[in-house]
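Since the structure of chain L is already known, use the hints to place chain Z on it.
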Amino acid sequence: MKNKRSRQGDASLAPNWFQRNKKVLALLTMVSPTAIWLLLLRYLPIGGIVLAFKSYKIFPRDPTFWNNLIHSKWVGLKNFEFIFKTDQALVAIRNTILYNIVFIILGAIIPVAFAIMMNEFTKKFVAKAYQTMMFFPYFLSWVVVSYFLNAFIDAQYGVLPAAQAAAGKDVISWYTTTKPWPLIIIFANLWKNVGYSTVLYLAAITGIDASQYEAAAIDGASKWQQIRYVTLPHLRTMISILLILNVGKIFAADFGLFYNVPMQSGALFPVTQVIDTYIYRVFITTGNISQSSAAGLLQNVIGFVCIMLANAVVKRIDPESTLF
Amino acid sequence: MRKNHRLNQISVGTETIFHVIVGLFSICCIIPFIFVIVISFTAESSIREIGYSFIPRAWSTGTYTYAIQRLPQIWRSYFNSILITVIGTALSTLMCALYSYALFRPDFKYRGFFTFFSFFTMIFGGGLVPTYVICTQVLGLRENYAALIVPLLVSPFNIIIMRTFFKSSVPLELIEAATIDGSGEYSTFFMVVLPIAKPGLATIALLNALAYWNDWYLSLLYIKQNKVLQPLQALLMELQNNVEYLNRMSAALGSSAIQEAMRAPTQTLRMVLVVLIVIPIACAYPFFQRYIVSGLTIGSVKG
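Keeping their order, the protein sequence lines are chains L and Z. In terms of numbering that gives the first Met the number 0, the first sequence opens at residue 0 and continues consecutively. In terms of numbering that gives the first Met the number 0, the second sequence opens at residue 0 and continues consecutively.
By construction, these hints were calculated from the structure, which means they are not laboratory data. Note that the coordinates shown come from a computational prediction; the quantities given were computed from them, not determined experimentally. We put the beta carbon where it would ideally sit given N, CA and C, even for glycine. Don't take every hint at face value.
Said to hold, decoys possible - Negatives, chain Z to chain L, calculated, CB over 10 Å:
1) 44
2) 52
3) 61
4) 69
5) 78
6) 89
7) 97
8) 126
9) 170
10) 172
11) 181
12) 194
13) 195
14) 201
Said to hold, decoys possible - Below, in silico cross-link-like pairs of lysine-lysine (DSSO-like), each with a Cα-Cα straight-line distance of 27 Å or less:
15) 108/Z / 21/L
16) 22/L / 108/Z
17) 84/L / 248/L
18) 56/L / 72/L
Next comes chain L alone, as it looks inside the complex:
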């Protein structure tokens, strides 16, 4: 009797399991919506990678996804063979890597140069106006950009074909001629993204202590020497981190750019097909879930290795700035 009462007393005084863990439980409910989302929309598809090693067939008796998956035969690496059978995949890989190399190099040089130039403008409101204008394309979708371009090169009504005709030159059919497209793609990508990077670099430059420039000037450093020995060293970490991270993403392409800007023109595939659009088109045209999964898996594994390598390199240069 006495014993029981004292236990009751303990229970009312000492907090129970829920009360003791109130804080961590509350925090767990906070993470749960996003955590469940990640589980279903990111981790479950990672499990779906088994598709790449099976020959996915509809199970006729009860065709739910799980039944189809379980009853499909394991085929090992057979799904990967098609990738190397035609040169389409190789063309897509070549295009992805070449475009990315150009994007990485120009995407570092041009914004840094713009930011340095804009920082020197005596009239700050002019710099502000330029910044406002060049940041604008970053907020548009590639679909919209494809029409911006179309206004200039449309076969029937575009400005450039009209100008070519007026000058008495041969009119190029822009959406079927491959030659100008590498330049168009590179320009479109710079057009959309340079403003954004410029704004970030400019913010970094304005953050540099002005007394450093004054000290350099007093020591007789010219403006160019100040850029060389004060500005660039300050940006060095930021530039190298972005460079290396982009190298880590060298096997991934901006689907929207390569899918929309050429307006899905088949004649342009030799110069506009990249890995991402290739996988999408294999999937859409053949409907072969297993083979397109295999191609995607190959891309993701190589991409993963690249990011890990890039991160290891950053760790050596500047341990503070690693991605993880």
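Just chain Z now, kept in the frame of chain L:
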């Protein structure tokens, strides 16, 4: 000091060259938009005669009236875009704030695990096709609004930005004080933490709104039959190879006079759609500039 500052300048000649380079590029960035606005107000007859031009022979608002009066699908798509953007932004911003807040709390036991849990998805994933198969066949995300909202709800990048925001703006002592005063975790979060982190929330909300407003990819994947659900961007994309698409869609929606629809101003119509899509972005642009610049500069400094 002032004099010294004036002395420490590049020469006038160099500055002029800089102005030409940066200025030309800047103008390049907005000229296409102005051009598209001009085209959208150009009379169809002028386009047939001289093509797209900065100085059309005749102006007309005919395409706008045609689009507004005769093409109900445009209204429907505008409604879809707004609905998706509003619901998507509200949900994704709330989810991001809750998740990043827990990751920011140093006394959260499973902090390391959940940080890795979101971060890992940035460097490895199932890829397009497994994701597509899981979404459509297991999660039922096809031919409905959920398919246009759910797949964009979480962005690990935004979680990193938001967590950095909390770190830089919310003092831990404040949370401790609130807890000592008897405030529960949720009331601390909503009443104490969120008001301080408002600029961060604004950044995340704007990034999310932009992602939803500009999205065409989800409807490319998940809306194949039920095309009335298409947002504006997807509608515009269908017109890339098929200028008659919109007229047919609207005829299917019950618009009168299919024959009249066939005589529709198809060329300018696409540009009208572009303008309708970009106008809200242009209007919100001052906010974007203000919050996204500060947000991304803070977020890019890894916390």
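Evaluated hints:
1. 44: Given a closest Cβ separation of 12 Å, the condition holds.
2. 52: violated (7 Å)
3. 61: Its Cβ never comes within 10 Å of chain L, the nearest being 17 Å, so this holds.
4. 69: Answer for residue 69/Z: holds, closest chain L Cβ roughly 21 Å.
5. 78: holds (18 Å)
6. 89: Non-interface label stands for residue 89/Z: nearest chain L Cβ at 13 Å, farther than 10 Å.
7. 97: Answer for residue 97/Z: violated, closest chain L Cβ roughly 4 Å.
8. 126: The claim is violated: residue 126/Z sits with its nearest Cβ about 3 Å from chain L, within 10 Å.
9. 170: Nearest chain L Cβ is 18 Å from residue 170/Z, so the label holds.
10. 172: holds (17 Å)
11. 181: holds (12 Å)
12. 194: holds (17 Å)
13. 195: Non-interface label on residue 195/Z holds, nearest chain L Cβ at 17 Å vs cutoff 10 Å.
14. 201: holds (15 Å)
15. 108/Z / 21/L: Within the cut-off at roughly 12 Å; holds.
16. 22/L / 108/Z: holds (10 Å)
17. 84/L / 248/L: holds (25 Å)
18. 56/L / 72/L: holds (8 Å)
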